[in-house]
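Chemist: Read off the chains here:
There are 2 protein chains.
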Amino acid sequence: MKLYETLAADIASQIAQGVIREGEKIPSVRQTSQHHNLSVSTVIRAFLLLESQGLIESRPQSGYFVRRKPAVQATATASEPPAPAQMARGETLDTSEFVLTTLRSINQGSVPLGSPYPDPAAFPWVKLNQYANSLARRVGQMGMTADLPPGNPELIRQIARRHLENGLAVDAGEIIVTTGATEAINLCLQAVAAPGSAIAVESPTYYALIQAIERMGMRVVEITTDPALGIDLQALERAIVEQGVVACMVMPNFQNPLGYQMSDERKRAMVEMLARHDVPVIENDVYHELYYGDVHPSSLKNYDTRGLVLHCNSFSKTLSPANRIGWTLPGRYKAQVEKLKFLNTLNTPALPQLAIAEYLKNDGYDYHLRKVRKAYAQQASIMAAAVRRFFPDGTSVSTPAGGYLLWVTLPDSVRALELYARAQERGISIGAGNIFATGDAFQHCIRLNYSYPWTPEVEAAVRTLGLLAGELLDHDTL
Amino acid sequence: MKLYETLAADIASQIAQGVIREGEKIPSVRQTSQHHNLSVSTVIRAFLLLESQGLIESRPQSGYFVRRKPAVQATATASEPPAPAQMARGETLDTSEFVLTTLRSINQGSVPLGSPYPDPAAFPWVKLNQYANSLARRVGQMGMTADLPPGNPELIRQIARRHLENGLAVDAGEIIVTTGATEAINLCLQAVAAPGSAIAVESPTYYALIQAIERMGMRVVEITTDPALGIDLQALERAIVEQGVVACMVMPNFQNPLGYQMSDERKRAMVEMLARHDVPVIENDVYHELYYGDVHPSSLKNYDTRGLVLHCNSFSKTLSPANRIGWTLPGRYKAQVEKLKFLNTLNTPALPQLAIAEYLKNDGYDYHLRKVRKAYAQQASIMAAAVRRFFPDGTSVSTPAGGYLLWVTLPDSVRALELYARAQERGISIGAGNIFATGDAFQHCIRLNYSYPWTPEVEAAVRTLGLLAGELLDHDTL
Numbered sequence: 001m002k003l004y005e006t007l008a009a010d011i012a013s014q015i016a017q018g019v020i021r022e023g024e025k026i027p028s029v030r031q032t033s034q035h036h037n038l039s040v041s042t043v044i045r046a047f048l049l050l051e052s053q054g055l056i057e058s059r060p061q062s063g064y065f066v067r068r069k070p071a072v073q074a075t076a077t078a079s080e081p082p083a084p085a086q087m088a089r090g091e092t093l094d095t096s097e098f099v100l101t102t103l104r105s106i107n108q109g110s111v112p113l114g115s116p117y118p119d120p121a122a123f124p125w126v127k128l129n130q131y132a133n134s135l136a137r138r139v140g141q142m143g144m145t146a147d148l149p150p151g152n153p154e155l156i157r158q159i160a161r162r163h164l165e166n167g168l169a170v171d172a173g174e175i176i177v178t179t180g181a182t183e184a185i186n187l188c189l190q191a192v193a194a195p196g197s198a199i200a201v202e203s204p205t206y207y208a209l210i211q212a213i214e215r216m217g218m219r220v221v222e223i224t225t226d227p228a229l230g231i232d233l234q235a236l237e238r239a240i241v242e243q244g245v246v247a248c249m250v251m252p253n254f255q256n257p258l259g260y261q262m263s264d265e266r267k268r269a270m271v272e273m274l275a276r277h278d279v280p281v282i283e284n285d286v287y288h289e290l291y292y293g294d295v296h297p298s299s300l301k302n303y304d305t306r307g308l309v310l311h312c313n314s315f316s317k318t319l320s321p322a323n324r325i326g327w328t329l330p331g332r333y334k335a336q337v338e339k340l341k342f343l344n345t346l347n348t349p350a351l352p353q354l355a356i357a358e359y360l361k362n363d364g365y366d367y368h369l370r371k372v373r374k375a376y377a378q379q380a381s382i383m384a385a386a387v388r389r390f391f392p393d394g395t396s397v398s399t400p401a402g403g404y405l406l407w408v409t410l411p412d413s414v415r416a417l418e419l420y421a422r423a424q425e426r427g428i429s430i431g432a433g434n435i436f437a438t439g440d441a442f443q444h445c446i447r448l449n450y451s452y453p454w455t456p457e458v459e460a461a462v463r464t465l466g467l468l469a470g471e472l473l474d475h476d477t478l
Numbered sequence: 001m002k003l004y005e006t007l008a009a010d011i012a013s014q015i016a017q018g019v020i021r022e023g024e025k026i027p028s029v030r031q032t033s034q035h036h037n038l039s040v041s042t043v044i045r046a047f048l049l050l051e052s053q054g055l056i057e058s059r060p061q062s063g064y065f066v067r068r069k070p071a072v073q074a075t076a077t078a079s080e081p082p083a084p085a086q087m088a089r090g091e092t093l094d095t096s097e098f099v100l101t102t103l104r105s106i107n108q109g110s111v112p113l114g115s116p117y118p119d120p121a122a123f124p125w126v127k128l129n130q131y132a133n134s135l136a137r138r139v140g141q142m143g144m145t146a147d148l149p150p151g152n153p154e155l156i157r158q159i160a161r162r163h164l165e166n167g168l169a170v171d172a173g174e175i176i177v178t179t180g181a182t183e184a185i186n187l188c189l190q191a192v193a194a195p196g197s198a199i200a201v202e203s204p205t206y207y208a209l210i211q212a213i214e215r216m217g218m219r220v221v222e223i224t225t226d227p228a229l230g231i232d233l234q235a236l237e238r239a240i241v242e243q244g245v246v247a248c249m250v251m252p253n254f255q256n257p258l259g260y261q262m263s264d265e266r267k268r269a270m271v272e273m274l275a276r277h278d279v280p281v282i283e284n285d286v287y288h289e290l291y292y293g294d295v296h297p298s299s300l301k302n303y304d305t306r307g308l309v310l311h312c313n314s315f316s317k318t319l320s321p322a323n324r325i326g327w328t329l330p331g332r333y334k335a336q337v338e339k340l341k342f343l344n345t346l347n348t349p350a351l352p353q354l355a356i357a358e359y360l361k362n363d364g365y366d367y368h369l370r371k372v373r374k375a376y377a378q379q380a381s382i383m384a385a386a387v388r389r390f391f392p393d394g395t396s397v398s399t400p401a402g403g404y405l406l407w408v409t410l411p412d413s414v415r416a417l418e419l420y421a422r423a424q425e426r427g428i429s430i431g432a433g434n435i436f437a438t439g440d441a442f443q444h445c446i447r448l449n450y451s452y453p454w455t456p457e458v459e460a461a462v463r464t465l466g467l468l469a470g471e472l473l474d475h476d477t478l
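Residue numbers (my numbering), protein chains in the order written: chain A, 1 to 478; chain B, 1 to 478.
For chains that are exact copies, the list does not tell them apart, and a pair is met inside one copy or across any two.
In silico lysine to aspartate or glutamate, DMTMM-like type, Cα no more than 20 Å apart, as pairs:
#	residue 1	residue 2
1	K334	D171
2	K25	D10
3	K334	E97
4	K127	D366
5	K127	E154
6	K339	E97
7	K25	E51
8	K374	D119
9	K339	E51
Bear in mind the hints are in silico, worked out from the structure with no lab data behind them.
As the structure is a computational prediction, the values presented were derived from the model and not from experiment.
Isolated chain A (complex conformation) (with noise of 0.2 Å):
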């Protein structure tokens, strides 16, 4: 047996004889380290085999506890039916697992709610494949050389015009490309944090920075966000004073959940407030071209002067996610994220690169854009009214500004993953709430997505999921 095997069978055994007892906080790392004079790795192992093992579980902010015994729950919630036994109410939900599950759930013949993606059906294929097609043929043998880190050439100078036009002067010299914003976000984190820092996040969140976070062995401090305002900044200022909070991560521009767009203002005083306190914001900027009002709106990045502002952004949502081409500016964070850019997948593959940038160069992203942001807007409306009308009283929905995605709080006593679960088997996915928090705070929230046509098949799926919501009111009210 390894000493985290010997360590964690200690420990649970003083669980199993009440020595900690249910609800409990258990010793922290340090002091089990130090108590039992193992390494802190050896107790970070123990303690994750114990949370495998269900024993015990972390909470945000204030370390591992002893976990409440199912029995316990099953009295409270002895009414309902039988939950799916990895959704059951009340259990630590594995966040990465749960996502990956919803993801692969839609296109399986469900009605894509659930999706965090736009309608494949609105890229603009035809002139994508026509670019790699030519691409394929002209350029012959690629060199691997050419799109080393920060990538290909053509692809960044595009990028910075693109940014020019939106009113972003950027050096093309600061642009890093990656695969997706996904790996731009995890890189971006590494760089200016490292395990144990605290990292702020707006609540609810994208849940990938949540699982980025975690995965870097990071703390996710959550702040209380407003639907319509976005973070609140008084309580990002205090969490940074008195959490210690080194680095936060927010949505300015149609938040994924909420899709609010935080006023210039307010991006402002966020940048400068953290300019004060030397604290570094990783933006993530994916939908910042899907906006709805008549002009585009500014970055965190077009505010800031110290480099503090590292831009994560892709063409995932607007061009194709099959391309998965992302890029960040990291400020003054660069050479740090080149380098982990270049340890963590070497060079971001060339074909994509290039039909990107050549669809980039030639005319028809504007009228593309117009295109779609026209339609998420009209969607956008009628995807709210629909929800108004079928879903019980009591339910009330966001009013995104950009993006793709519906917000909808369900009277409290809805759990969202057991219409998860009801709307699967109907063949409908949702995105739960329980997904963009680390707590229980969104477990009667649900995400929508809206940016396919409105058919008389969506319509019926979003009464349908009306009318489970009603059946899982009217079983918690009895």
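Chain A is already provided as a structure; the job is to place chain B on it using the hints.
Modeler: Positioned in the frame of chain A, the structure of chain B alone reads:
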């Protein structure tokens, strides 16, 4: 000032005052953490800061030591011409930075003897581009979800079939497609070990393995490696027992840089020994298809009965590095690696996956491989003979059993970094031995790429290298 900066300043002041002296070990991360009542991550950040300031250096398996002042160095090397700043002898080399510099120097008109990639002219570009071309026309819109981890099902089928043809019956359900072997190695490492863990590698080893380990905050443990037989299994077992090594990373076939092939007996013995200790091994097998013998070699994976071998592979050395398609068979770690792939880059671009699947489905891979194997085997002999002829007495060369990399051991006094710098001035790139280990053990070795056809230009480059090596030798023995 942040906590870690304060701590770093304290230690710097102790060094300045001579409390801790040159060459002395400084207290460990754990001791410092306990003594100053600071978190481990704060201490690590402080140490990294001191290291980047050149005040301390880490030594494998030993900890951090106060760096000897450059003045001492200067006396010893006073008669030498100054080397380029970032490569001065004795200075800590930022290996990732230096590797990236080396890679970038390739294709900038230099003779690419330092390239880790095969000659791109040998790849089947015409066919690959034809497939990409016809796919781009045919597939139309590409969904996102078909290519979610584990990857494109057709490509996975083709990879499984290829393994079977090579004598390894794999479960297609174990395969995960990655962005090159680089991503596969990173994900596997994170799946089997935690920050602080000790990871064993061959010495010398492929630099990317050292970088992956260090990037994760893990500890590199370098194991004596025989240039013909491979890693010393007794030394490896001792490191497991005595140094708490929790995983190892090796290249059993045509190791980069030494070129040896481990025998079947040694591969089996290694897998069995590791199984006794329940220690997983990450097998980097990217040169597998480039054997010179009559039969393809076995992999460690062939001998694995416990799911402890995480096999990593790629098409970058055989079909095209530009596609960035790799894969892994992570054994019992499948679930973790798949989740990490999802978190790291979400998925791998669709078109490169489809193009390679299409290429594999049709005939031609074996024909292509027979051609390059024959060429590489011939060029290995020619390059080795040229090195023996042109290089100073006391130089020895490896006898690669596959791949396209030659390892040249120069007389002790020749510094590879010095040779690298002088060769660069003459338009020749080489791989400096320093990047293949954490210490100085191979600073008199270089790695040469012989995948390019043997032209008068290449011969002249090898002659020039030999002359330069001779000059450096004279210099030191004066």
